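> Read off the chains here:
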Amino acid sequence: MEIKSIGDWLDERAGWEQILRFLRKKEVPQHKHTIWYYTGSAILVFFFIQVITGIMLLLYYKPTLNQAHQSVERIMTEVHFGWIIRSIHSWSATFMIAFVFVHLLSIWLIKAYRKPRELTWVSGVFLLVVSLAFGFTGYLLPWDELSLAATKVGTDIPRTIPTVGDWVTKFLRGGEDVTGETLTRFFGFHVSVLPLLVFIFMAFHIYLVQKHGMSVPISDELKKKKNPSLPFWSNFVFREMGFWLVLIGFLVTIAVLLPPGLRPEADLMAPTPEGIKPEWYFLFLFQTLKLFPANVLFMSGETLAVLLILLGGMLFFLLPLIDNKPETKKGKIITALAYIFVFYAVVMSIWSLL
Amino acid sequence: MKRQNIFICFLMIIILIPSVLQAVSFQGVTKQEVIKENKEESKEVKVGPQDIQEKTSVYFFLGWMWFSIGILVYFLRMKIKELDRLTSYGYQAGQGGIDDKE
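One line per chain: the protein sequences are A and B, in this order.
Each position in the first sequence, counted from 1, maps to that position plus 3 in this note's numbering.
Each position in the second sequence, counted from 1, maps to that position plus 68 in this note's numbering.
These aren't lab readings, by the way, just hints derived from the structure by calculation.
Being a predicted model, the structure only gives us computed values, none of them experimental.
One or more hints might be untrue.
Here's a subset of chain A near chain B, in silico, CB distances under 10 Å, partners left out [said to hold, decoys possible]:
(1) 79
(2) 80
(3) 86
(4) 87
(5) 90
(6) 244
(7) 245
(8) 259
(9) 262
(10) 263
(11) 334
Note that CB positions come from ideal geometry on N, CA and C, so glycine has one too.
Please model the complete structure; the sequences and the hints are all you need to start from.
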């Protein structure tokens, strides 16, 4: 059967020609901020790399108290190319989260969350939360002493929230303390619940991006002259492909040169080791918590810090409602807040590592 | 390079610094502990390429990969130039453009 006839056969049943027609008509605006558009597809690339390497790791990983650490050790020492698959999985998570941050920051800076793209922003923030949850649940899976200690600290933080905090901690841990129950629970979240959520939010996010088209910065929109544009298929897609290739090159190089290690197996009875730190994307929050004194006025410092962080997160989530000015206004304060946030997060993260 | 590109590169580097620092420091600790563990329990935990042969093959692979990426990016660039030229003439993919050649 010829390729064309296979295409016709598929088109008759699935109607994929309509999608192609849409992609051919879709245009990408060309302006000085066009480069930000590449960050969205980069996230997708790293997510698919994670899915593929995750499935490969799943073939050998055993999510039980007695076998988790040994199975990861086996992946790293006995399974052919196991160490590099694990390293790519871990580093692609790092790259993906870094790009999610950059993507959201770019939207923040060019104010692309304003009407009619409020829901695109909200779904994007949900995707950030799910990505962070992926990182948090995946961190425990090797079941080494560091991951156990970090999970103990991490799951203990919600306890400080009044009323619901205790319940959240128990729900995450599957009991009072971090045990084998927590490991099984985190594994379940990591391989079934979170991927499902990602697919739902991602599909919704991509649908909204297609519906509203790509956002043009206000400075360009105000120009009387119409911005030049580029056909999405295939001029822009080929440009993206070049970018993906370079990113994959960097990913594999770093994964080969800096594979993540495996510390001794977690011991539930052992004291918490010194110098425990969460993954890099939680470092600034971790350092913020450490800065607060034991007691502030009538409440504990930790509770106040957690409540302030939650408030900050809520304001970030509701940014389209806070900055709902007409598109002609630039919102310089919002831009300044974005730069302050980046500066704060970087300084706190580096401070936490010193 | 445009100012925007430089800013994004800078941002990516800044964001990835804590991650790389963490990986490097963690790697160092792990290696020390592996040696310690080997002495105590004679248990071997290998992380990454071990001997010179494996290391050579890894570097060879990385070199080959970057060479291939370079070639692919070169061909993509040529294709993009061709597509942009056709677009400037008013051709579009699916409307008698180069993607419809059969």
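> If a hint holds in the structure, say so; if it doesn't, say that too.
Consistency of the hints with the structure:
no., hint, in the structure
1, 79, "holds, 6 Å"
2, 80, "holds, 5 Å"
3, 86, "holds, 6 Å"
4, 87, "holds, 8 Å"
5, 90, "holds, 8 Å"
6, 244, "holds, 6 Å"
7, 245, "holds, 5 Å"
8, 259, "holds, 6 Å"
9, 262, "holds, 5 Å"
10, 263, "holds, 7 Å"
11, 334, "violated, 19 Å"
Figure legend: structure checked against the earlier numbered hints; the only hint not met is number 11.
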